[in-house]
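Visitor: Sequence:
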Amino acid sequence: MAEHDADAYAKALMGLAARVDALTWVSGALLRSHPHPDQVLAAWRERAVDAADSGFEIANEQYRALFHEQLRLWAGTLEAEAGRHG
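So the sequence shown is numbered by our numbering: it starts at 397 and just counts up by one.
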């Protein structure tokens, strides 16, 4: 039974990783095709404050720290893309 649980967890983890990777590629393509990346960056900054201050379905400090780190990484990506066009 434990082996089956481990396989199910591994499959779920791979599914989440694949979804995150796909969303990253889609977001990058959308950002690159946007005619005004600076507007995207401004909207991001406004929304990122809401996201950072919001509640989470997973009430776990490690999750919150990882989520905030991902927000910081996306902010850097958006700033770099806006800089390419500025």
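Source of the hints: derived by calculation from the structure; they are not laboratory data.
One thing to keep in mind: the hints can contain errors.
Have a look at the derived ranges for each label pair, beta carbon to beta carbon [as the list claims (entries may be wrong)]:
#1 Asp-403 to His-432: 32 to 40 Å
#2 Arg-480 to Leu-409: 28 to 36 Å
#3 Thr-473 to Leu-409: 39 to 47 Å
#4 Gly-424 to Ala-398: 37 to 45 Å
#5 Tyr-459 to Ser-423: 15 to 23 Å
#6 Ala-455 to Arg-480: 22 to 30 Å
#7 Met-410 to Asp-446: 29 to 37 Å
#8 His-432 to Ala-398: 24 to 32 Å
#9 His-481 to Val-422: 42 to 50 Å
#10 Ala-404 to Arg-428: 15 to 23 Å
#11 Asn-456 to Ala-398: 35 to 43 Å
#12 His-432 to Ala-455: 36 to 44 Å
Just so we're clear, the structure is a prediction, and the values are computed from it rather than from any experiment.
All C-beta atoms in this analysis are idealised placements derived from N, C-alpha and C, irrespective of residue type, glycine included.
Visitor: Please go over all the hints and tell whether each is borne out by the structure.
Guide: The hints, checked one at a time:
1. Asp-403 to His-432: 32 to 40 Å: Roughly 46 Å apart at Cβ, these two residues miss the hinted range, so it is violated.
2. Arg-480 to Leu-409: 28 to 36 Å: The hinted range 28 to 36 Å holds for Arg-480 and Leu-409, with Cβ atoms some 34 Å apart.
3. Thr-473 to Leu-409: 39 to 47 Å: For Thr-473 and Leu-409 the Cβ distance comes to about 24 Å; the hint is violated.
4. Gly-424 to Ala-398: 37 to 45 Å: 39 Å, holds
5. Tyr-459 to Ser-423: 15 to 23 Å: With Cβ atoms ~21 Å apart, the hint holds.
6. Ala-455 to Arg-480: 22 to 30 Å: Given about 38 Å between the Cβ atoms, the range is violated.
7. Met-410 to Asp-446: 29 to 37 Å: Given range 29 to 37 Å: holds, Cβ gap about 30 Å.
8. His-432 to Ala-398: 24 to 32 Å: Violated, since His-432 and Ala-398 (Cβ atoms, about 53 Å apart) do not stay within the stated range.
9. His-481 to Val-422: 42 to 50 Å: 19 Å Cβ-Cβ, so the 42 to 50 Å window is violated.
10. Ala-404 to Arg-428: 15 to 23 Å: 37 Å, violated
11. Asn-456 to Ala-398: 35 to 43 Å: This hint is violated: roughly 23 Å between Cβ atoms.
12. His-432 to Ala-455: 36 to 44 Å: Holds, since His-432 and Ala-455 (Cβ atoms, about 37 Å apart) stay within the stated range.
The earlier numbered hints that this structure contradicts are 1, 3, 6, 8, 9, 10 and 11.
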